[in-house]
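A.B. asks: For what it's worth, my numbering labels the leading residue of the sequence shown as 6, then goes sequentially.
Just so you know, the hints here were simulated from the structure itself, not pulled from any lab data. Just so we're clear, the structure is a prediction, and the values are computed from it rather than from any experiment. C-beta atoms are modelled at their ideal positions from N, C-alpha and C, and glycine is treated no differently. Do not rely on the hints blindly, as some may be mistaken.
Unchecked claim - Label-pair distances were calculated between CB atoms; the ranges are:
{"id": "1", "residue 1": "M82", "residue 2": "N60", "range": "15 to 21 Å"}
{"id": "2", "residue 1": "Y53", "residue 2": "I88", "range": "26 to 32 Å"}
{"id": "3", "residue 1": "E35", "residue 2": "S10", "range": "36 to 42 Å"}
{"id": "4", "residue 1": "E35", "residue 2": "I13", "range": "33 to 39 Å"}
{"id": "5", "residue 1": "V27", "residue 2": "L79", "range": "21 to 27 Å"}
{"id": "6", "residue 1": "Y66", "residue 2": "L30", "range": "31 to 37 Å"}
{"id": "7", "residue 1": "T37", "residue 2": "G76", "range": "16 to 22 Å"}
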Amino acid sequence: MLEISIYIGLALTAASLLSAIVLMLKTKDELTRAVISDMCFYGMIAFYLIWSLRNPTSIAYEVVLLAGLVGGALPTMSVARIISKGRR
Numbered sequence: 006m007l008e009i010s011i012y013i014g015l016a017l018t019a020a021s022l023l024s025a026i027v028l029m030l031k032t033k034d035e036l037t038r039a040v041i042s043d044m045c046f047y048g049m050i051a052f053y054l055i056w057s058l059r060n061p062t063s064i065a066y067e068v069v070l071l072a073g074l075v076g077g078a079l080p081t082m083s084v085a086r087i088i089s090k091g092r093r
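Could you build the full structure based on these sequences and the hints that come with them?
C.D. replies: Okay, structure coming up:
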């Protein structure tokens, strides 16, 4: 039962990533693309975390923690720079 739940989670995460990438390709607004790229990054972290439930690794949670820390600070600054159009 757990394996079925893992595969369903992987499929849903992959579908959401694919739909976000399609939306990123269709939109012309840079701000929307920046926000969607953050969404893709967090989706990839979620995909890796779900994958690590099925395939045990020794550093699974450290990778997710580091990605969450880096993914929390850098995208905020980059989106702020995009909103301000490069002005400091």
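A.B. asks: So the hint says 33 to 39 Å: do the beta-carbon atoms of E35 and I13 match that?
C.D. replies: Holds, at about 34 Å.
A.B. asks: 16 to 22 Å was suggested as the range; check whether the CB atoms of T37 and G76 agree with it.
C.D. replies: holds, 18 Å
A.B. asks: Note whether the CB distance of E35 and S10 lies within 36 to 42 Å or breaks it.
C.D. replies: holds, 38 Å
A.B. asks: Return holds or violated for the Cβ distance of Y66 and L30 against the range 31 to 37 Å.
C.D. replies: holds, 32 Å
A.B. asks: Measuring from beta carbon to beta carbon, are M82 and N60 in 15 to 21 Å?
C.D. replies: violated, 33 Å
A.B. asks: Quick check on a hinted range of 26 to 32 Å for Y53 and I88, using CB atoms only.
C.D. replies: holds, 29 Å
A.B. asks: Quick one: are V27 and L79 within 21 to 27 Å, going by C-beta?
C.D. replies: Holds, since V27 and L79 (Cβ atoms, about 24 Å apart) stay within the stated range.
This entry does not satisfy hint 1, going by the numbered hints stated previously; all others are met.
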